[in-house]
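Add chains B, C, D and E with the ligands to chain A, keeping to what the hints say.
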Amino acid sequence: MQISINNLVKEYNGHRVLDVGYLNINKGTILGIIGPNGAGKSTLIKIIGGLEEATSGQVYYNGKKIYSQKDITVVFQKPYLLRTTVFNNVAYPLMIRKEKKKAINNKVNKILKEIGIENLKNQKAWTLSGGEMQKVALARALIFRPSLLILDEPMSNMDPSSIAIMEEMIKKINQIEKTTVIIITHSLQQAKRICKEVVFMHKGKVQEFGSMKEVIFNPKNHITKAFIQGELLIS
Amino acid sequence: MQISINNLVKEYNGHRVLDVGYLNINKGTILGIIGPNGAGKSTLIKIIGGLEEATSGQVYYNGKKIYSQKDITVVFQKPYLLRTTVFNNVAYPLMIRKEKKKAINNKVNKILKEIGIENLKNQKAWTLSGGEMQKVALARALIFRPSLLILDEPMSNMDPSSIAIMEEMIKKINQIEKTTVIIITHSLQQAKRICKEVVFMHKGKVQEFGSMKEVIFNPKNHITKAFIQGELLIS
Amino acid sequence: MGEIWEGFKDAYNLLISFDEEVYKIILLSLYVSLTATFVSSFFSVPAGIFLGIVDFKFKKVVVRGIYTLMSMPPVIAGLVVFLLISRKGPFGFLGLSFTPAAMIIAQTCLVIPIITGIVYNGTKQKGQRIKMVAKTLGADKFQTLSLLLKELRVNVFTGIVTGYGRAISEVGAVMIVGGNIKGYTRVMTTSIAMLQSMGDYSMAIAIGIVLIMISFVINGILYNFQQGE
Amino acid sequence: MGEIWEGFKDAYNLLISFDEEVYKIILLSLYVSLTATFVSSFFSVPAGIFLGIVDFKFKKVVVRGIYTLMSMPPVIAGLVVFLLISRKGPFGFLGLSFTPAAMIIAQTCLVIPIITGIVYNGTKQKGQRIKMVAKTLGADKFQTLSLLLKELRVNVFTGIVTGYGRAISEVGAVMIVGGNIKGYTRVMTTSIAMLQSMGDYSMAIAIGIVLIMISFVINGILYNFQQGE
Amino acid sequence: APTEETSKEVKNSSIILATTTSTENSGLLDYLLPVFEKDTGIKVKVVAVGTGKALKMGEDGEADVLLVHAKSSEEAFVKAGHGLERFDVMYNDFVIIGPKNDPAKLYENASNDVIKAFKLINKGNAKFVSRGDDSGTHKKEKKFWEEAGIEPKGDWYLSAGKGMGDVIQMANEIEGYTLSDRATYLSMKDKIDLEILVEGDNKLFNQYGVIAVNPNKNEKINNDGAQKFIDWILGEKAQGLIKAFGKDKFSKPLFIPNAR
Ligand SMILES: Nc1ncnc2c1ncn2[C@@H]1O[C@H](COP(=O)(O)OP(=O)(O)OP(=O)(O)O)[C@@H](O)[C@H]1O
Ligand SMILES: Nc1ncnc2c1ncn2[C@@H]1O[C@H](COP(=O)(O)OP(=O)(O)OP(=O)(O)O)[C@@H](O)[C@H]1O
Ligand SMILES: [Mg+2]
Ligand SMILES: [Mg+2]
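Protein chains in written order, with the working numbering: chain A, 55 to 289; chain B, 55 to 289; chain C, 26 to 254; chain D, 26 to 254; chain E, 21 to 280.
So here's chain A without its partners, still in its complex pose (with noise of 0.2 Å):
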């Protein structure tokens, strides 16, 4: 899928959190958003995804304002899972989209054991860990395959080695089924490993917009600079 943001606006009692003049996400691209804590990130996927309304402005969507919900998901921050058990949350959008016990079954099963929680199929969600949560939150937007992947700091919680899983995933739906994915993530590093592209956003605005190389090597602007310099700073 094919995104396109024209001047999107969103304020919260005139406070402007959201100012994006124009933005091109291309079909197929894995773009990362980086910024500091409050610079609108969460924001603006939350209105690409529909989710939120923009106080001004427009998303297109293959060129066009409509789309369908079940082709678009995303993995919140915070993710929430439905009180019930690990199976029931990952099954969940196969049930609703009528599939049939069997393949449902299939499914479920294979996404659990490439990520390594088969043995927690049957625990209910809310007794699970920060990190075995979030593996269960992005086996379920993935097992269906949606056109547009939108993922939040999906693995803040994770271990370094199930990171490396997850990410090997995200990598093959992007090449295998042309998955448009938008990850955001506080980790250069991740952004490194798997991102085409990146947003840079500060205060509201996108300060950059380039590939991987650019942003990071060249930066054109002193916030970005800044910012990236802080991360070589820590790692």
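Don't take every hint at face value.
Every beta carbon over 12 Å from chain E, so not counted as near; a handful from chain C, in silico [unchecked claim]:
{"id": "1", "residue": "S42"}
{"id": "2", "residue": "V47"}
{"id": "3", "residue": "V64"}
{"id": "4", "residue": "F81"}
{"id": "5", "residue": "V87"}
{"id": "6", "residue": "R154"}
{"id": "7", "residue": "I239"}
{"id": "8", "residue": "L247"}
Quick list of in silico lysine to any residue cross-link-like pairs, SDA-like style, CA-CA up to 20 Å [stated by the list, open to error]:
{"id": "9", "chain 1": "C", "residue 1": "K151", "chain 2": "D", "residue 2": "Q251"}
{"id": "10", "chain 1": "A", "residue 1": "K178", "chain 2": "D", "residue 2": "K149"}
{"id": "11", "chain 1": "B", "residue 1": "K132", "chain 2": "A", "residue 2": "D213"}
{"id": "12", "chain 1": "D", "residue 1": "K149", "chain 2": "A", "residue 2": "L136"}
{"id": "13", "chain 1": "C", "residue 1": "K82", "chain 2": "C", "residue 2": "A72"}
{"id": "14", "chain 1": "B", "residue 1": "K152", "chain 2": "D", "residue 2": "G163"}
{"id": "15", "chain 1": "A", "residue 1": "K119", "chain 2": "A", "residue 2": "N61"}
{"id": "16", "chain 1": "A", "residue 1": "K178", "chain 2": "C", "residue 2": "Q251"}
Now the in silico label distances, taken between C-beta atoms and shown as ranges [what the hints assert, rightly or not]:
{"id": "17", "chain 1": "E", "residue 1": "I170", "chain 2": "C", "residue 2": "V86", "range": "55 to 61 Å"}
{"id": "18", "chain 1": "C", "residue 1": "G208", "chain 2": "E", "residue 2": "G260", "range": "43 to 49 Å"}
{"id": "19", "chain 1": "E", "residue 1": "K223", "chain 2": "C", "residue 2": "L59", "range": "44 to 50 Å"}
{"id": "20", "chain 1": "A", "residue 1": "I120", "chain 2": "D", "residue 2": "F83", "range": "55 to 61 Å"}
{"id": "21", "chain 1": "A", "residue 1": "Y76", "chain 2": "B", "residue 2": "K232", "range": "50 to 56 Å"}
{"id": "22", "chain 1": "A", "residue 1": "K118", "chain 2": "B", "residue 2": "W180", "range": "30 to 36 Å"}
{"id": "23", "chain 1": "C", "residue 1": "S42", "chain 2": "E", "residue 2": "Y51", "range": "44 to 50 Å"}
{"id": "24", "chain 1": "C", "residue 1": "L52", "chain 2": "A", "residue 2": "K124", "range": "44 to 50 Å"}
{"id": "25", "chain 1": "B", "residue 1": "G264", "chain 2": "A", "residue 2": "K118", "range": "55 to 61 Å"}
{"id": "26", "chain 1": "A", "residue 1": "K124", "chain 2": "B", "residue 2": "N60", "range": "53 to 59 Å"}
Hints listed in this document are in silico derivations from the structure and should not be mistaken for laboratory results.
For each residue, glycine too, the CB sits at the ideal point set by N, CA and C.
Only chains B, C, D and E with the ligands this time, still in chain A's reference frame:
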């Protein structure tokens, strides 16, 4: 505060998620806890923090079983902020300690400034961004100078420069007040930067305990080795 | 005082007497109140959920109105329904006065605001997030509603139990629209009121005990629906 | 039907007549039901919170018992209280029969399970986390309770409003223990019941309208307490 | 102690009168009691219930004085030692009321014969609403059915278990017949479509009596006040007031005093 743990076990319906034979945490240390998702890290610190009952075993605080809850604090993986403003959230621990209004004002303003969120002072906590929430939760714990500070992935959603600031603050408090700090993290980088000692947990057990260098550069255990290699893989 | 203990004895005798009249009264009570609760739930649960997740103009007024109608006296609900269905009322041609159907209608009016209010309250707190998740996973309107129902089942349960409690225990409305006709519209509460007014305290208490025992069982059944936690 | 419209007219005339008796009835209603709601809240809110965060043996039974008592018929509550406080009852020496105090006691019994049940329900869902936060920040028992109250204010509000709605609207209990004595224990609902039985429908509806209007205002006041969101 | 004295004073200054709904709903007590209170300084708390319940309250010592209308039950009450003595106060009468079109033709065939009227209702399969609450009126009605040799049962006979006012309204709604005391009927006449079809039969005589509850029940019973009330209501002044009550509105008194 010095902590020692004796044969601590936690089971859920007969399923053992924690089994720590002996662990001694010295006063004034900064102890990092690392390990894969579901290893039992959060369970361990909840028991140490007095927030969950162990199935069996003991925790000794300065050699005693009793302790004042006023001296120990835990910052959760998913922070819970009170349904009020940022200011009131951070001021709460001081308020219940019946500090003078003026002193509270000064302290809160100071810490909010230090971590760069003084502009959010009057914002309602539930409208904050993910990283902002973590900052408020951490500020709320640091402000009353506990003698044992337990942090469960406290910076997982923060941007790199905020992380740098926070780490400095924690180190400073540890130095000046001799606060014992226990911090769970999935970032070996972070552990390297701030921890004096580190524990590696796996499947509820402590696999490795020692100085940062020992554990990371010279793991005794093949599981630890594999975990650290996974980390190296992605960084 | 003695009447209270005697009430327990009488309650026991009542139940083991297998008196047809007694069982008819109990069954009619259950039929009327459970139907009213069911009909109310059918409208109120979706309405409460809707109110909890959708914003519109004057929503605050509507919500306050609903909370206010929770204080509607049963006698008034009964009276208004009675005037509407009475011989000379606009719906008089239906011939509903002094029938179980009229009792169901009156109790439904009474219970709707209660269930709506309580369900609304629960939805307000968690509904938005659940709706979002449903949306991101591609649920359509109906699937979203059914997911909300499932996730909010504890609140829905409390609403229904509270509503049922109101229906089964109220006497004002059923007395007026039903008429407490022996063998036809007499229910447990109207019997209690009648026995009480006749000074037969221990029998009144006996029926009260039976009523409470039945409620205990019914709550148990409802409780199982919201289980799975 | 005509009676309903006339009821509105009568309600208006009633209020502007400044008839002392009418105002006395309204004030007594408010005094009795608000006091009962207040007293119940005083016990029920902490009890509901306690139930929601503390685990103990037989907790399930206690909870189901409370839900069941939500279905307690007002007539039974009234009758039991009456038998206890009646002249020959165990508390007869207090001389409470046919007094406003007795009405407050009976309504309190009725409202306690309702508020407890609803508050319990809200606490069950969020109480544990709030309690933990309070603990980690060093709150003592009392401070924890007051934090729980603040954080759960929406649920507490719903409980109190539902309980108040039950109290102000019920007639069975106050009728029995109060006796509907003119100028002394006559409240709005007993007046309504009496007027209704005398066939004075429009006046009954008029008082009903006044009652609902008052509840609208009271709910507004309660609502403001839980605001700040 | 002074507190004891004040409490005694409070006790003396009020009595609980258990009575039937007809005396209160017709407005008689509202009319009489302010005068009594002015004359004696005693406040009367009226608890209006059915005769059965009023007697029960007397038996339990919950009331100080009773004003009811079921002579045989009242006499049994006194005989059992629950009350001190029973006095006639006043009377009115019962009437059979029914719809204007009078399907069972009571007015035509039995306008002053209650037993015949009951037979006609039964034969015509016309609807009859019974108090069904063991009240004085209900006891009377049962006696009439017995005399008529009819067991009232079936779809046509509705046992309501309610007060007089409610039963009149029910009869009005379903266009049926009922037995009512005249006072309650007259006080509701404007609001209903029912008319008096049978009246004047000696059997329809409705005597009200007053009884002081036996003070040996408990120490809270205010026997002094009760005696004062009885003396007053049997006295000339009250009897005159009763005679005048309702004359202006109904052109006939609602109750006819007959204290001896
Ligand atoms: N209802 C609201 N009222 C006022 N400000 C709000 C509201 N909602 C969000 N904001 C502010 O909007 C800004 C952007 O929030 P957003 O969640 O998009 O940030 P983010 O870039 O995702 O940050 P993070 O990296 O911390 O997740 C934040 O500063 C937040 O405080
Ligand atoms: N009530 C429960 N029933 C069953 N299993 C539970 C329950 N609570 C926790 N667990 C399991 O206990 C294990 C340890 O959980 P814990 O939260 O301590 O992990 P963790 O090391 O903190 O992981 P993470 O890095 O993901 O936060 C997890 O596998 C979790 O699924
Ligand atoms: Mg965010
Ligand atoms: Mg954890």
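Hints and how they fare:
For S42 (chain C), the shortest C-beta to C-beta distance to chain E comes to about 20 Å, beyond the 12 Å cut-off, and the non-interface label holds. With a least beta-carbon separation of about 15 Å from chain E, V47 (chain C) lies farther than 12 Å from that chain, consistent with its non-interface assignment. Consistency note on V64 (chain C): stated as away from chain E, and its beta-carbon is indeed over 12 Å from all of that chain's, at 24 Å minimum. The beta carbon of F81 (chain C) sits about 41 Å from the closest Cβ of chain E, which is more than 12 Å, so the claim that it is off the interface holds.
Distance check for V87 (chain C) against chain E: the nearest CB is about 35 Å away, which clears 12 Å, and the non-interface claim stands. For R154 (chain C), the condition that its CB be more than 12 Å from all CB atoms of chain E holds, with the nearest at approximately 51 Å. With a closest Cβ-Cβ approach of about 21 Å to chain E, I239 (chain C) is found to remain outside the 12 Å limit, as its non-interface label requires. Consistency note on L247 (chain C): stated as away from chain E, and its beta-carbon is indeed over 12 Å from all of that chain's, at 31 Å minimum.
Between K151 (chain C) and Q251 (chain D), the direct Cα distance comes to roughly 17 Å. Compliance with the 20 Å bound is thereby established for this hinted pair. Among the hinted pairs, K178 (chain A) with K149 (chain D) is consistent with the structure: their alpha-carbon atoms are about 17 Å apart, no more than 20 Å. The suggested pairing of K132 (chain B) with D213 (chain A) holds, with an alpha-carbon distance near 16 Å, which does not exceed 20 Å. Distance check on the hinted pair: K149 (chain D) and L136 (chain A) sit about 17 Å apart at the alpha-carbon level, within 20 Å; holds.
Proposed proximity of K82 (chain C) and A72 (chain C) is supported: the alpha carbons are some 16 Å apart, at most 20 Å. Pair hint K152 (chain B) plus G163 (chain D) holds up; C-alpha atoms about 12 Å apart against a cutoff of 20 Å. With a C-alpha separation of about 14 Å, the suggested pairing of K119 (chain A) with N61 (chain A) holds against the 20 Å cut-off. Restraint check for K178 (chain A) and Q251 (chain C): the C-alpha separation of about 15 Å stays at or below 20 Å, so the hint holds.
For I170 (chain E) paired with V86 (chain C), a C-beta distance near 59 Å keeps the hint of 55 to 61 Å intact. At roughly 47 Å, the beta carbons of G208 (chain C) and G260 (chain E) sit within the given window of 43 to 49 Å. Between K223 (chain E) and L59 (chain C) the C-beta distance comes to about 46 Å, which sits within the given range of 44 to 50 Å. Between I120 (chain A) and F83 (chain D) the beta carbon distance is about 57 Å. The supplied range of 55 to 61 Å therefore holds.
Checking the proposed 50 to 56 Å range against Y76 (chain A) and K232 (chain B) shows it holds: the Cβ atoms sit about 54 Å from each other. One distance hint, 30 to 36 Å for the beta-carbon pair K118 (chain A) and W180 (chain B), holds here, with the actual separation near 34 Å. A beta carbon spacing of about 47 Å between S42 (chain C) and Y51 (chain E) agrees with the range 44 to 50 Å that was offered as a hint. Roughly 48 Å separates the CB atoms of L52 (chain C) and K124 (chain A), a value that falls within the hinted 44 to 50 Å.
A C-beta distance of roughly 59 Å is found between G264 (chain B) and K118 (chain A), which places it inside the suggested range of 55 to 61 Å. A hinted range of 53 to 59 Å holds for the C-beta pair K124 (chain A) and N60 (chain B), which are about 54 Å apart.
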